[in-house]
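*Asks:* Listed here are the chains, written in short residue letters.
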Amino acid sequence: MNGAVATVGRDLGRILEALGGLLLVSLAVPVVWGEYFAFPALLASALVPLGIGRLLYRRYRGAESPGRFHGMIVAASGWFLVGVFGSLPFLLIAWSVRLGVPGITTPAGTSTLAAFTDPLNAVFESMSGFTGTGLTMTDNEEVLPRTLQWWRTFSEWVGGVGVIVLTTAILSRPGSGSLTLYESEARSKKIHPSIVSTVRTIWWIFALFTFASILALWLAGMPIWGAINHAMTGLATGGFSITDNSIATYDSAVIDFVLIPVMLLGSIAFPVHYLILQGDLRNFYADLQTRWVFGYMGLGSALLWAFLYYAGPYATPFAALRYGLFQFVSAATCTGFQTAVDATNVALGRWPSYAQLTVVFAMFVGGAAGSTAGGIKLIRGLTLVKGIRHQIADVFYPESAVRRLEINGRRLNEEEASREFMEAAIIVVLWISFLVIGTFLLLLVLPAGEYSLANVLFEVASAQGNVGLSAGITGPESLPTIGKVAFLFHMWIGRLEIIPVLVMLRTVFKRGGLYR
Amino acid sequence: MRVDDIPIVSTVFDAGADDRVFDSLLLVGPLVVGLIVVLGRSLFTEALAAAYIAVFVAYVLSQAVRE
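As given, the protein sequences belong to chains A and B, one line each in that order. Residues in the first sequence are numbered from 0 upward in steps of one, following numbering that gives the first Met the number 0. Residues in the second sequence are numbered from 0 upward in steps of one, following numbering that gives the first Met the number 0.
Some hints could be false.
[Stated by the list, open to error] A short list of chain A residues far from chain B (calculated; beta carbon distances all over 10 Å): (1) 13; (2) 62; (3) 69; (4) 110; (5) 116; (6) 317; (7) 318; (8) 351; (9) 396; (10) 432; (11) 445; (12) 471; (13) 480.
[Unchecked claim] FRET-style restraints, in silico, Cβ to Cβ: (14) A:107 to B:61: 53 to 59 Å; (15) A:220 to B:50: 15 to 21 Å; (16) A:432 to B:50: 47 to 53 Å; (17) A:113 to B:36: 27 to 33 Å; (18) A:297 to B:61: 26 to 32 Å; (19) B:50 to A:242: 25 to 31 Å; (20) B:50 to A:344: 32 to 38 Å.
[As the list claims (entries may be wrong)] If you only want the chain B side, here are some residues facing chain A, beta carbon under 7 Å, derived: (21) 25; (22) 36; (23) 62.
The set of hints was computed from the structure by calculation and includes no laboratory data. Note that CB positions come from ideal geometry on N, CA and C, so glycine has one too.
Throw the hints in and build the complete structure from the sequences for me.
*Replies:* In structure tokens, the structure reads:
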């Protein structure tokens, strides 16, 4: 037990140090934008995690190397702590503006910024950022200080890299898709075997895509500050925006269509990106998940287009295509950018229920494992479908028949197939269970009759799938405190694919002596 | 003095893609964005941005042809 505490403590210390480092780097933003009132708050926000992290690291420096069990605990508790300490810039800058900073001119307060004087709202925003969700406690992002706009964006970008590293290098296990991508015999080359070199590889791919996305969005007509922020949050499939109406603010079909490939890049497994960048373009169709990223997003968008044009709120085929395609891809990649708002067309929350449920399905499935997308992940959905078909077909074969389940070019024997099918089934059952519990809870705490069941299901699926699309429920005033706490939990378990959080909670409750 | 002896360049070359073209795009990317921030939108900056994307796409395709 002591060994485990030391290992976990040491690694948590490094994570907090890294968070402090990210905040120190961000000190350039208030200087560049002349927001000097934000500087002391941001500096204090950096020094707190840096100091605690340094203490933890020094205390447990000699701890043993982590195993998979430690990896799960560190991932779950690390993400939670980063969410909590990452809230400090929101909290401290909001209070700096309210109370004033001696010797420095502070701008007039806004209700948007004032919402962050409540620590729960600040933690919500931070957790939403680091989990790549994009649900927000702001009612108008445009009036936020540039420093906070940047911190929201940066948290999603870093969280995006974090989750790729987590799934491809740390938590990879049978059925999660990432291990199969990592070890597949069908691969001509493996992504680098050590975690350190894997992290480096992911960083340069992510950075390269970010620069290309920034320039593409800018060429499409977006101002450069918007292009920087939206490229980072789009690629990280996070979905935070710096504008009041998300992407709808620009009301530009060109920008909408340029953002679609940016979001798709984020939802393809990064080991596959690595192979594609080496020139192995066959992976666009040879890799099962990548093939299905395009296949199911194409089919889903077509279905949504049909709902929105033939039976829904849009009068022209192009309008239905523009908003249907964008919103389906935004949901399925778990980005959460929104173009369907009342200011320019018809808000998502006012779409017909069947159209909203189509978007819920997209959020539920999500993108590829090993990408920044959320949801149950394509590989699990495909494993379940293939596994069920395999089990049913089994009835028609003699008992002595030796059958193998083929997934992504790998031929699994009975034991392997059973293990991967079981793992996928467990995640899906847990995912649906928490979705149902969250929906019941929200129905209980929301004002009766204000939101439909489709609205509530949509919002919970959005939080748990780390999507960030909103039917209008999430907000500093509209979402009750219990709802905010529940959404914090949904975002957290959704990002970590549930099991690491349950392992951590079991460890805390059992070893902490709460039950035996 | 060689190019990869310069501090930031050497860091990118060490921790980057092990590929001179991708490494160069990684180094040039922030400079192009910085130029756009400073100079604003003009024919020159738009051509620069378009060239960056074109080099990136063309290089990946050329890798595929070589493969």
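*Asks:* A separate judgement is required for each hint: does it hold in the structure or not?
*Replies:* Comparing the hints with the structure gives:
no., hint, in the structure
1, 13, "holds (18 Å)"
2, 62, "holds (26 Å)"
3, 69, "holds (26 Å)"
4, 110, "holds (30 Å)"
5, 116, "holds (32 Å)"
6, 317, "holds (26 Å)"
7, 318, "holds (28 Å)"
8, 351, "holds (38 Å)"
9, 396, "holds (40 Å)"
10, 432, "holds (42 Å)"
11, 445, "holds (43 Å)"
12, 471, "holds (35 Å)"
13, 480, "holds (41 Å)"
14, A:107 to B:61: 53 to 59 Å, "holds (54 Å)"
15, A:220 to B:50: 15 to 21 Å, "holds (18 Å)"
16, A:432 to B:50: 47 to 53 Å, "holds (52 Å)"
17, A:113 to B:36: 27 to 33 Å, "holds (30 Å)"
18, A:297 to B:61: 26 to 32 Å, "holds (28 Å)"
19, B:50 to A:242: 25 to 31 Å, "holds (28 Å)"
20, B:50 to A:344: 32 to 38 Å, "holds (35 Å)"
21, 25, "holds (6 Å)"
22, 36, "holds (6 Å)"
23, 62, "holds (3 Å)"
When each numbered hint is compared with the structure, no violation occurs for any of them.
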